[in-house]
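Chemist: FYI, the numbering for the sequence shown is 3 to 372, going by this note's numbering.
Calculated from the structure, these hints are not laboratory results.
We put the beta carbon where it would ideally sit given N, CA and C, even for glycine.
Hints may be right or wrong, so weigh each one.
Unchecked claim - Derived CB-CB ranges, DEER-like: (1) 325 x 355: 38 to 44 Å; (2) 64 x 336: 19 to 25 Å; (3) 332 x 368: 38 to 44 Å.
Stated by the list, open to error - Here are the simulated DSBU-like cross-link-like pairs (lysine-lysine), alpha carbons at most 35 Å apart as the crow flies: (4) 88 x 307; (5) 88 x 109; (6) 351 x 131; (7) 353 x 144; (8) 88 x 366; (9) 311 x 102; (10) 131 x 166.
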Amino acid sequence: MIRTVQRRFSTSVNLLTSPLQVFQYPGARVLTLNNTQESNPLSKDIVDSIVSRLDSYQNNAVVDVVLINSDSTNKFSKGVDPKVSKNYAADIEAINGFNKYIATYSKPSLVVYEGGVEDSGYSTFSSAKFRLGTENTTFSIKGLLNGHIPLGGGLVNQLTSIRKDGPALAKFLPLTGWELKAEEMYGYGLLTHVVQTQPHHILFQTLSDTQPESYKSKAYQTPPIQIESLRVYLDMMHIGCDELDDFLDHELWSKVLLVPPNSEDTKYSTIQETTAENVASLNVSDFRTQMIQCFNVPTFEECKKRLEKSAANVNYPQRIWAQHCLQQVNKIDPELGKQWFAFIEQNQKQKLEQAFVLETEFVKSSENKN
3 MIRTVQRRFS TSVNLLTSPL QVFQYPGARV LTLNNTQESN PLSKDIVDSI VSRLDSYQNN
63 AVVDVVLINS DSTNKFSKGV DPKVSKNYAA DIEAINGFNK YIATYSKPSL VVYEGGVEDS
123 GYSTFSSAKF RLGTENTTFS IKGLLNGHIP LGGGLVNQLT SIRKDGPALA KFLPLTGWEL
183 KAEEMYGYGL LTHVVQTQPH HILFQTLSDT QPESYKSKAY QTPPIQIESL RVYLDMMHIG
243 CDELDDFLDH ELWSKVLLVP PNSEDTKYST IQETTAENVA SLNVSDFRTQ MIQCFNVPTF
303 EECKKRLEKS AANVNYPQRI WAQHCLQQVN KIDPELGKQW FAFIEQNQKQ KLEQAFVLET
363 EFVKSSENKN
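Construct the entire structure; sequences and hints are all you get.
Modeler: Laid out in structure tokens, this is it:
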């Protein structure tokens, strides 16, 4: 019989002067973005602080897993913001380096995107082994609407590489600022799991006397954990990457999930209730065909023409959707829109490593012009 030992999680043991908090749990460390600014912007200094911590855990036998989250349930991060960045090129280069670093990190890494995540706030951490969202998670790209090309973490490359609708999404999301819900992010492969949430820090319950082999045997005939309504409930005292995979695929874990592993994309529709006020709260799948027709085009000008035609001619509620999108697109500087389409064309067939190079070159080129 497997004997379980419940341990209380610790309070914070190290509050850094930089906008990063470190919490210790048995077998785990939680790194919490804690920027005093509401949007939790990222910078080279913050990334360097995270890397420094992760480096210190590499050969630390008492740390089995590392989790990154935010102190806010409303906003995870907007990534690098050129309006507040002190050295934009250095910040972009730093988060690109971190994306590569976390992809090969020796211990299981998890990131919990809770609340709104924007632009490179997603792509910076997208190489973590597990990318979790909650019912509060949304993903949007607001850079174009804020007057700049959204960069960092190979963002364009990651969007165009989405297994379904990637090229259309890479234009639709930034041109409209549309917010994807967690279930949609999961359907597009941007998240690995969608879990329940609660307002406290991640809770870890560990097994003190269990060997890794126990996690692979007899499908947990004696369940080692009591599932509760937790945002994330992981049992990982002695678990390595392979065993953690097995655990997350197990039926007990699925009880915590809002979207079961390997489920089909969420297909519910509220299209019959569409109004100008609520259209932006609907799912992309409700207007998928129209999105592809209007946004999977080679130029910014052609995109606007198709939206104008749809806004005038198609039936309700598709007309409401097109009018909403056109209103957003009209807020974008046409020259910036043209740059975005050209940048997508340059990036979409590149490998991620080359996408990092193109992002850095674009930033330096833009700075030279300015």
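Chemist: Starting from residue 88, check that the Cα of residue 366 is at most 35 Å away, please.
Modeler: Judged against 35 Å, a Cα distance of about 14 Å means the pair holds.
Chemist: Please verify whether residue 353 and residue 144 have alpha carbons no more than 35 Å apart.
Modeler: holds, 24 Å
Chemist: Holds or violated: residue 88 and residue 307, Cα atoms, limit 35 Å.
Modeler: Distance of about 38 Å is beyond 35 Å: violated.
Chemist: Does 38 to 44 Å hold as the CB distance between residue 325 and residue 355, or does it fail?
Modeler: For residue 325 and residue 355 the Cβ distance comes to about 41 Å; the hint holds.
Chemist: Could you tell me whether the CB distance from residue 64 to residue 336 stays inside 19 to 25 Å?
Modeler: With a Cβ separation near 56 Å, residue 64 and residue 336 fall outside 19 to 25 Å, so the hint is violated.
Chemist: Against the 35 Å threshold, does the CA-CA distance of residue 131 and residue 166 hold or violate the hint?
Modeler: holds, 21 Å
Chemist: Between residue 311 and residue 102, does the CA-CA distance stay at or below 35 Å?
Modeler: It is violated: about 43 Å lies between the C-alpha atoms, which goes past 35 Å.
Chemist: Does the alpha-carbon distance linking residue 351 and residue 131 stay inside the 35 Å limit?
Modeler: Given that 35 Å is the threshold and the Cα spacing comes to 24 Å, the pair holds.
Chemist: Given the hint that residue 88 pairs with residue 109, does the C-alpha gap stay at or below 35 Å?
Modeler: holds, 32 Å
Chemist: With respect to the beta-carbon atoms only, verify the hint that residue 332 and residue 368 lie 38 to 44 Å apart.
Modeler: violated, 23 Å
In terms of the numbered hints stated before, the structure departs from hints 2, 3, 4, 9, listed from lowest to highest.
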